[in-house]
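Take 1 as the starting number for the sequence shown in the UniProt record's numbering and just add one per residue.
All the given hints hold, so there is nothing to weed out.
Here are the simulated SDA-like pairs of lysine to any residue, each with C-alpha atoms no more than 25 Å apart in a straight line: (1) 43 / 31; (2) 10 / 20; (3) 43 / 28; (4) 43 / 56; (5) 10 / 22; (6) 43 / 32; (7) 43 / 27; (8) 43 / 29; (9) 43 / 54; (10) 43 / 57; (11) 10 / 23; (12) 10 / 21; (13) 43 / 55; (14) 43 / 30; (15) 43 / 33; (16) 43 / 53; (17) 10 / 24; (18) 10 / 25.
These are computed hints drawn from the structure, not numbers from a lab.
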Amino acid sequence: MELFTDEMFKNTIVVTVSFTLISVALEFLVGLGLALIFTLNVKAERLIISLLIAPMVVAPVAAGLLWGSMYNAEFGIISYFLDRLFG
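From just these sequences and the hints, can you work out the full model?
As structure tokens, this is what we get:
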């Protein structure tokens, strides 16, 4: 029962609930705005779709390039360690 009388706990609950409500409201408004843009045939629709899809494409491409460079026979770190271990 001490927990419910602690001021730090009360403050933590207020901050957590406030953050949750604000972030959910913002996500809802952004989603509603994007839905309206996509249903109203806006001229910049293709640009907006590209901007939304770009982060989903960039991360796997960057990971693939990173792994490819690690496996490179000339300067890759994996090749270096395998060469050091097995000659």
